[in-house]
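**Q** Sequence:
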Amino acid sequence: ERSGRKAPFVRLTLLDPFCARGVLDWGFGERVFGTGVDYAEQVLNTDDVVPSTNVPLSNCYCVDVTPAKSAFGLPATYDGHEWPLDFWSRRFRVNAEPRDFPAFWKRRCTELPVHDGTHARGTVRTIASTNESV
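Its first residue numbered 245, the sequence shown is counted upward by one per residue in this note's numbering.
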């Protein structure tokens, strides 16, 4: 807290992050991603071919969206590495009411997430359908 102001709340959202650093440090993301922030979340897909992106990170609340691809009607040939970003954008698009868009974002900004019992760091939540919450 500086000059009577509260420190900013820092939220980190990782969408199928590449966790290697260079060619020698394949555990970098596991050690570092999610540390130093108030809330860290990872959206994970485990069936793509991109190396170092298929493991939940212990410093983040993890949402595994791998099985949800079929619920959204995506073909088996759909590239899995793009799916977490696609899922995240669909989630906000589906939940947003077009006429109430500013209020939607206001609600999102005032209800800050916390690492509680259901969203603890290291917890993995698997999403398999279109109507499950994260």
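Be aware that a few hints might be false.
If you anchor each label on the Cβ, the simulated ranges turn out as follows [what the hints assert, rightly or not]: (1) 251 - 320: 23 to 29 Å; (2) 367 - 264: 20 to 26 Å; (3) 280 - 319: 34 to 40 Å; (4) 358 - 321: 37 to 43 Å; (5) 293 - 266: 39 to 45 Å.
Computed list of lysine to aspartate or glutamate pairs in DMTMM-like fashion (alpha-carbon distance at most 20 Å, straight line) [unchecked claim]: (6) 313 - 330; (7) 250 - 282; (8) 313 - 269.
Read the hints as simulated data drawn from the structure, not as lab findings. All residues carry an ideal CB built from backbone N, CA and C; glycine is no exception.
**Q** Among all the numbered hints in the text so far, which are the ones the structure does not match?
**A** Failing hints, ascending: 1, 5 and 8.
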